[in-house]
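Those letters in the sequence shown? Residues -20 to -1, 1 to 460, by mature numbering (1 follows the signal peptide of the UniProt record, and there is no 0).
Each statement offered as a hint is correct.
Quick list of the computed label-pair ranges, beta carbon to beta carbon:
| # | residue 1 | residue 2 | range |
| --- | --- | --- | --- |
| 1 | Thr262 | Thr112 | 20 to 30 Å |
| 2 | Gly445 | Asn267 | 38 to 48 Å |
| 3 | Phe423 | Ile294 | 43 to 53 Å |
| 4 | Thr350 | Gly445 | 24 to 34 Å |
| 5 | Ala253 | Pro345 | 54 to 64 Å |
| 6 | Thr350 | Asn379 | 23 to 33 Å |
| 7 | Asp124 | Ile294 | 46 to 56 Å |
| 8 | Gln114 | Arg460 | 48 to 58 Å |
| 9 | Glu317 | Pro218 | 33 to 43 Å |
| 10 | Gln412 | Gly445 | 23 to 33 Å |
These are computed hints drawn from the structure, not numbers from a lab. Glycine residues also receive a C-beta, built at the ideal position from the N, C-alpha and C atoms.
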Amino acid sequence: MRALFSAICVFFLTFITASAQNSPDCRTAIPVCADAPIMGVTDGSGDIDDFDPEVITQTGCLEKGSVSSANIENNTGWFVFRAGTDGQIGFDIEALPVTPGGTITAEWDFALYGPYDETTGQNYCTIIGDGTSQPIRCNYEYNDTGFTGIGVNPVDGREGAPFVKSSQNTYDEWLDVTAGEIYYLYINNYNTNFDEDPESFILTFTGSSVDDDQNTALDCTLRDEFLGLDIVACEGDPDITLSALNSPVGPNISNITWEYDADDDGTYETVLATGAGQTELTVSSPNSGRYRVTIESTFGNTITDDILITFYGIPNLSVNVLDDFVNSNQTDPYNVEFIPDGDGDYEYAINGGEFQDDPIFYDVPPGLNTVIINDKNGCGTSEPIEFLIVGYPKFFTPNGDGVHDNWNVYGVEQLSNPIVFIFDRYGKLLKQLDLNFGWDGTFNGREMPSSDYWFRLDYDRDDEGVLVATQVRRHFSLVR
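Construct the entire structure; sequences and hints are all you get.
Shown next, in the form of structure tokens:
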């Protein structure tokens, strides 16, 4: 995130201060609600790796800033909010001068992501960064009034409209929300003075829900979760910086204590840091666990928050063949289950096919297969893993093209004392197979016609340590 910014929530004479840290992605977005205007300040520092530029620059919404090295981020800030009621929400982003009464040098643009359901366990900041989740509202038009946002421009009364590139309307249409939905707001300073002086803006929430009750339109309890929503990260990711300054007491701190529960079992076995100056805690990969901060304020009250941080690596798995000649009495179809090592959010694909969430695959082809497992949090995809299904093909085509020219029981070498006999449809024995080569579709040197043929497989199957004589009779097709 190319930002180091603070938020000051002002409501009558009450000031609530929070500051966001330099971190990649939107993971340390400041939680806000609609009960006061929010003044944001960015100074152009920080990380610029929030997005995969190869994906995001193709969306037609987020684009490169006026400095190519800034990629699609330039002096940015992140906020997160949760809908408190059903209704209509909008917001105004107003550019402010660097110094009171001075010239406005910043031009603000935005992208809004969501809605997200906290119960799904999704890693929102990963799917935002890799382009899986696209903005539902965004605007990169030239701000000729100094305002941009959702709803109605307060300067000229122009109503927002669906995003169309080069529309010159700096407002997007109102947002209809449902209570409990999570939204991430990305604010970008598209045109800045580039002299490292802070650039300021005011974020004010609007809409019929805010008009009805600004204290409930957005869920203000989200501010109490000032460490942010639980974080899913990948092993090797940059350090994660947690900030105590995002709490409702702001800088009015007399003491801070950071604790660590490695097993997330409710026992904080390690005190990581203590003292009034310990406003930040850096968490490095792969130290998964729950982190808690306790803040004693100068007003005499104590507040606390905790956050679960989970680091995932490239996933591994084991293969459990459920049904084939070796593993069950069911010899057709063949089914397999993949068992991941870990509790991430995974998807699976076999033989270069489509991914599926279910780790059980049905009607898997006999013979040597491959599977890959992908971590949907973006932490990597495994190399292809081979596994063997011991079974027979339903057809073969002995036409000399090198594909399916011979019929055999695949993986037969995995069986104990296997013998295979081939019969025509009338029961005449045609061949006892040489299991190293299979059947080429001939009898006494003469090509057999296209038809159904039968086989009998005799072998000894291991049944809980006891070899049991087993016989399988099935048919297959010769196709010419």
